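A.B. asks: Using the hints provided, position chain B relative to the given structure of chain A.
What follows is the residue order along each chain.
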Amino acid sequence: MNCNSFEESIALYVEGDLDPSRTKNVELHLQSCTSCQRFVKELEASQAIVKDLAAESLDPASFNIVRQRVMQEVNRRQAARPVWWRFLSPMVAQWRPAWGAALAALVVLGFLLQWQLWRKPAGSDNSDAPAVASAPGHRKQSPDTDPLSPSEKSDPPQPLGEPAARQFAKRHVSPAPHDVLVPAEAQPDAVAAEVEPPVEQGSNLEPEAPPPSDIAPEPAPSLVIKLVTDDPNIVIVWLVDQEVHHN
Amino acid sequence: MATASGEGILMIEDARLDSGAPTDNDPTAVWLRQAKAGDASAFEKIIVLHQRQVLTTSLRLLGDLKDAQDAAQEVFLRLYKYLHRFQDGREFPPWLYRVTVNVCRDVQRRRQRTATLSLDDLVESGEMREPASSTDLEAELTLAEKRGFVKEALKRLPEKERAAVVLRDIEGLSTREVAGILGSSEVTVRSQVSSARMKMKLFLERRLKRRS
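Protein chains in written order, with the numbering used here: chain A, 1 to 247; chain B, 1 to 212.
In case anyone wonders, no lab produced these hints; they're calculated from the structure. A couple of the hints might just be wrong.
Derived CB-CB ranges, DEER-like [claimed, not checked]:
1) B:His84 - A:Asn233: 24 to 32 angstroms
2) A:Thr229 - B:Lys81: 54 to 62 angstroms
3) B:Leu77 - A:Thr34: 14 to 22 angstroms
4) B:Gly172 - A:Leu106: 23 to 31 angstroms
5) A:Ala105 - B:Ala40: 31 to 39 angstroms
6) B:Gln87 - A:Ser32: 31 to 39 angstroms
7) A:Asp231 - B:Lys81: 31 to 39 angstroms
8) B:Tyr82 - A:Glu7: 40 to 48 angstroms
9) A:Ala54 - B:Tyr82: 27 to 35 angstroms
10) B:Lys209 - A:Ala54: 21 to 29 angstroms
Since the model is a prediction, treat every value here as computed from it, not as a measurement. All C-beta atoms in this analysis are idealised placements derived from N, C-alpha and C, irrespective of residue type, glycine included.
Here chain A stands alone, though its shape is the one from the complex (with noise of 0.2 angstroms):
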């Protein structure tokens, strides 16, 4: 190997930058070249020099030139900025991920509770909840599927309200979101039923109880639900048999 080739390596060599078994090939060169031992010698005084210029200082005028400047274009484009983000901006700067999770628990923790509200007056609401109202003398006997409270069993037979219905309907038929059901023998009083929010309806939250003994037995009525879309056009009717449990 002849020195031309040793000179890349000497130039890092005398900034330490040569791996060790680099520098151990070069040292081993050097022991032995002259030649090369004498541009070490010119490569560090060279780079004394060049290093020097690291300490060289720069009048503190120049650097009050440029932040000066900055700072104008700073305060220049601070108040050229909406005043919603002046307030924003100490926020966003802020931002941490941790905040992020919270606010996106929060997020889903409200749409929760948003659809838990807006399920729970679906069950006392007839606005766009599936109706179900059974005629006269066809209310259903089954003790858990009673709307009425105790003091309210000796009334006379009524068309059952819409929560009991709706319960009916959970339990039965799955209708459509947008359908209504309609007792077959209530028409066109059906339509009243449908519409006519159930007169007591505070006793839809109050706990089910058992039927009193001294309704008489009925016959098993046969309930008619009609399916009543968006589209008047469409009625869809539904005949379900009941059966009926007396104790």
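C.D. replies: Structure of chain B alone, referenced to chain A:
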């Protein structure tokens, strides 16, 4: 990081006191957060703390104070513009070096300032293959002359070699740091630095001979 001027040092100390920043080794992180929140004075403190790094590096890369000031201004305005993109916990000085190198490259290309005769031309023409004199360069040259020659030599280096040697030999960064800033491999940086050192040595020897 110390500034080159006494005034700068005083301003840094004042800034630390004013901001109430923790007296840890990196007040920049606190000031960056405050600047992101729209605190212009915090941004100014960042400038004061890092202006030496930006302006002197720009000066060595561009070789002209006016150009360097323009470049430094551009660097800090880019920093302000993209402040929100700078992630907390990231090392600030290497990022600032990278922006500085990029801005200087843009400035140089925009102004089309090429050296009349590059060091490569001198080497290829054989003018710089003269036998090296045994003269002690440091003894022969005055300080101002030495620095002037180094600046002239830097101007004539190819752009990438100049950036590598400025960051490695003058700014004193490690080869790995230089590679990270320039987006190159360490092998490439070593090759560029080695080539630049040899060219500068030849240039300085030639200048010394001409002077004597």
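A.B. asks: Against each hint, give a clear statement of whether it holds in the structure.
C.D. replies: Hints versus structure:
1. Judged by the Cβ atoms, the range 24 to 32 angstroms given for B:His84 and A:Asn233 is violated: they are separated by roughly 59 angstroms.
2. The supplied range of 54 to 62 angstroms is met by A:Thr229 and B:Lys81, whose beta-carbon atoms lie about 58 angstroms from each other.
3. For B:Leu77 paired with A:Thr34, a C-beta distance near 55 angstroms fails the hint of 14 to 22 angstroms.
4. A hinted range of 23 to 31 angstroms is violated for the C-beta pair B:Gly172 and A:Leu106, which are about 50 angstroms apart.
5. A hinted range of 31 to 39 angstroms holds for the C-beta pair A:Ala105 and B:Ala40, which are about 35 angstroms apart.
6. Separation of B:Gln87 from A:Ser32 is about 53 angstroms and departs from the stated range, judged on CB atoms against 31 to 39 angstroms.
7. Between A:Asp231 and B:Lys81 the Cβ separation comes to about 58 angstroms, which falls outside the hinted range of 31 to 39 angstroms.
8. Range check, B:Tyr82 to A:Glu7: Cβ separation about 42 angstroms, and the 40 to 48 angstroms hint holds.
9. Distance hint check: the CB atoms of A:Ala54 and B:Tyr82 are about 28 angstroms apart, consistent with the given range 27 to 35 angstroms.
10. The given range of 21 to 29 angstroms is respected by B:Lys209 and A:Ala54, whose C-beta atoms sit roughly 26 angstroms from each other.
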